[in-house]
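Q: Chains as they are written, first to last, in the numbering used here: chain E, 3 to 356; chain B, 25 to 397; chain G, 4 to 161.
No wet-lab data here; the hints were simulated from the structure. These numbers were taken from a predicted model, which means no experiment stands behind them. Worth double-checking, as some hints may not be accurate.
Pulled a few chain B residues facing chain G out of the computed Cβ check, cut under 8 Å [said to hold, decoys possible]:
(1) 63
(2) 66
(3) 175
(4) 374
(5) 376
Label pairs and their in silico Cβ distance ranges [to be verified]:
(6) 18(G) with 210(E): 18 to 24 Å
(7) 32(E) with 136(G): 29 to 35 Å
(8) 4(G) with 243(B): 37 to 43 Å
(9) 104(G) with 357(B): 48 to 54 Å
(10) 323(E) with 18(G): 35 to 41 Å
(11) 126(G) with 322(B): 50 to 56 Å
(12) 171(B) with 138(G): 24 to 30 Å
For each residue, glycine too, the CB sits at the ideal point set by N, CA and C.
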Amino acid sequence: MNISLNITETIQDWLMSMMPEGVASIAAMVSVALIYLIIFAVAGLYLVLLERKVAAWFQLRIGPNRVGYWGLLQTMADALKLVSKELTGTVKADKFLYNLAPYFVIISSLMALAVFPFTKEFQAFDINIGIFFLIAISSVGVIGILLAGWSSNNKFALIGAMRSGVQTISYELSVGLSLLTMVLLTGSLQLSEIVESQKEGWLILQGHVPAIIAFMVYMIAGTAETNRAPFDMVEAESELGAGFHTEYSGMKFAYFFLAEFINMFIIAAIATTVFFGAWLSPFGITESLPWLGVFWFLGKTIVLVFLMMWFRWTFPRLRVDQLLTLEWKYLLPINLVNIVIMAVMVWLNLTIKF
Amino acid sequence: METTVVKSNFKSEEYFINMGPQHPATHGVLRLLLTIDGEIIKKIEPDLGYIHRSIEKMCERDSYQQIVHLTDRMDYLSSHINNEAVCLTVENALQLELPDRVKVVRTILSELTRIASHCLWWGVMGMDVGALTTYFYGFRDREMINDIFEETCGARLTMNYNIPGGLMFDIHPNFVKRTKEFIAHFKTKLPEYDTLLTGNVIFQKRMKGVGILSKEDAISFGASGPVGRGSGYSCDVRKHHPYSAYDKVTFNEALKPDGDSFARYQVRIQEMWESMNIIEQLIDNIPEGDVQVATNAVIKLPKGEFYQKVETARGELGVYIISTGTKNPYRVKFRSPGFSNLSLLNHIAVGGKIGDLVASMATLDLVIPDIDR
Amino acid sequence: MSYFSDIYKGIKTLLTGMSVTGKYFLTSRKGAITQQYPDNRATLKMFERFRGEVVMPHDENNEHQCTGCQKCELACPNGSIEIIWDRAIDETTGKKKKKIDKHVYHLGLCTMCGLCIEACPTDAIVWAQNFENSTYDRTQLTKVLNRPGSKVKAGIED
């Protein structure tokens, strides 16, 4: 079988045959964007369902099982409900920023999805500074959260937003540095090349000890980046009610909610790409069927997403000053030492390659 | 009116925030007026009265049998012990000698109530510091006790099983078997509470050295129950003024000298072990006999003032009845543990973060209907 | 050095915590404590002492055991029982005797304290184990416990 999943080129070639070049490339971009939007909106909804099911299993419950077989349509029904709900707001809210904020959050998380190599061909946008692009884009989302907290004229929301600001600024460093540790191994920021270099063994094996430390740091910092428990200072249900999205309802709330889950997917997908060989199968067992890469990629991602859910449903929440202590006194020094160790290791050629 | 008073004292950086009456951390309709500087709490003013039902006034209207069921609605998590408090007061006033069976059954049920209340507290405590799963584990074990109560008393929460003069009816034949089953089950589950939450490094960081209450302050604020004992203040009514069958059992009073949130947490965990210990001593030899002493259909207390205190899951509950010799009390006053424990919130949480306030408040184990009555 | 031992101990405690939830995750199929309430109506049985609502049992001759002594009405703390009674000539003895016209029970006021049932000398009222008491109209919560045309069982005296 040779199914071509190189969607951008396939669509572009098909469109080129019908219309002039400029129009065709714009049309291709729009259609690819639409395909991604639909796929990941639905994927986000199913991540919500997965979270609810996993939470239920941790908590001796059954979880949603009423809408559709095994509750499979539950989140669809929830989304429909949210679309139909009234969009409320506070009287003295800064209306422009208030309405802008959810789009900031959801668009920034959807943008990051463009660069992931689901298989060798199934990658919408293979930019040569892929990792850098991901780090940059993932910090844009916090602006939306800050805007939401500031503009909704609610002190609880403001506290949540300010916490989010301090949290994201701190943990951005750890995420970046732990990814840079791995970039030292590959020598490239381009995601397709990072995957290519893992054909000699996944990076977490190539880099052994420092890579495992980098992975642990990345998972902690990544969980913090998505504002999920145990780092959910931003929402902190028992402290701030709902945090920055206290005053949002209906679809605007749903955007925040969906963005959280897509962000979780993104964090896991970055880890999959950088540490676990993206679409590469273990020991190349399915090398002859490249389209199976999608399943490998998603499988690895789901495992990491499950790990984050496991964190969430087990650990208590940190306090805001402990959150900063963890970052600046533990993760960051460890990370800096780790990056030096990795550099020395690459220099002395101590990496493991098959 | 209140806000203007507070505003005039504001420094420019401080702001004012309403925590409650509808807030997940206040566990009910308690309103805290917080003055905050950034994240740091400067002042806490609890505002009460949202579910005041004037239970004390209603008691003046009711006969002594009828008072009992109102106390179910005070501290609804230890309703059996509340009922017992009223019944003991009336029985002492009438100088009734109760059969041993009544005393032992009351003690077992009280300790089961205490375990149930602490289970719920543990779950909610975990939820307040962000570990949502604890809630369901705590409720799973509490549910077994609720089943025991439902089978014997007929209700899960508002039992009203005590009447002045004994118990409303005898225990269910399955009671002993079910209680033993529960003890066996809970002995495997309580260590799990420790592995899941107590040992957790995040939890310890959140609790240790937070919300410190010294022994002197505990006494002067009138703290009782696990809150007082967490500060090293030996205030267990069961130990110092034994009632029912507590003089027949041996148990240790859970005492921790540290006075921080973690000490209060540990006291409650240890109390669950002690309660199991008490139940195990009594469950195998419940004496045979009547479960009621005959009283008049219309109980009239002799003229005078009567006081009895008991140890509920939250602390010392006092019942004070003034009687003029009629069938209704002249005045009833409940000394509820939650009210005095709430009064020290401002003392222990000021200077901490918002997260500390929530954690400290969770260790006080406030039940708002108990405070407001 | 305590810096590193802190990290080690911290991670260890976190992993032990995760092992507890992980264990329940793996045994979740049989461990679920949820009752799927409306679906399990057939198997859901309340305990025999469960206080659902007060009812007055009638036998096959449409006879109950209530003499109209009003002790339950007096015992009730909330006024949820009202007895409307009359005097009628007893057929067997020929004397005038108290008999109930209506035993009115306001379920909406009832706190399920059980004092009325304790007070009843003839066991005329008992607890029912029905707990699905919600209605769309609160007037439906006011119930007349004795059935129309019913009368007191012969020989019941208080």
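Q: Hint by hint, note whether the structure agrees.
A: Checked hints:
Taking 8 Å as the C-beta contact cut-off toward chain G, the hint placing residue 63(B) at the interface is violated, the least distance being around 23 Å. Given hint, residue 66(B) at the interface with chain G, is violated; its Cβ is 32 Å from that chain's nearest Cβ, farther than 8 Å. For residue 175(B), the interface hint holds, since its Cβ comes within 8 Å of a Cβ in chain G; the closest pair sits about 5 Å apart. A cut of 8 Å between beta carbons decides the hint on residue 374(B): the least distance to chain G is about 29 Å, and the hint is violated.
Because the beta carbon of residue 376(B) sits about 22 Å from the nearest beta carbon in chain G, more than 8 Å, this interface hint is broken. The supplied range of 18 to 24 Å is met by residue 18(G) and residue 210(E), whose beta-carbon atoms lie about 21 Å from each other. Between residue 32(E) and residue 136(G) the CB atoms are about 58 Å apart, so this pair departs from the stated range of 29 to 35 Å. Taking the beta carbon of each, residue 4(G) and residue 243(B) are about 41 Å apart, inside 37 to 43 Å as hinted.
Separated by about 42 Å at the C-beta atoms, residue 104(G) and residue 357(B) break the suggested range of 48 to 54 Å. About 25 Å separates the C-beta atoms of residue 323(E) and residue 18(G), a value inconsistent with the hinted range of 35 to 41 Å. Range check, residue 126(G) to residue 322(B): about 21 Å between beta-carbon atoms, so the 50 to 56 Å window is missed. The beta-carbon spacing between residue 171(B) and residue 138(G), approximately 28 Å, falls within the hinted interval of 24 to 30 Å.
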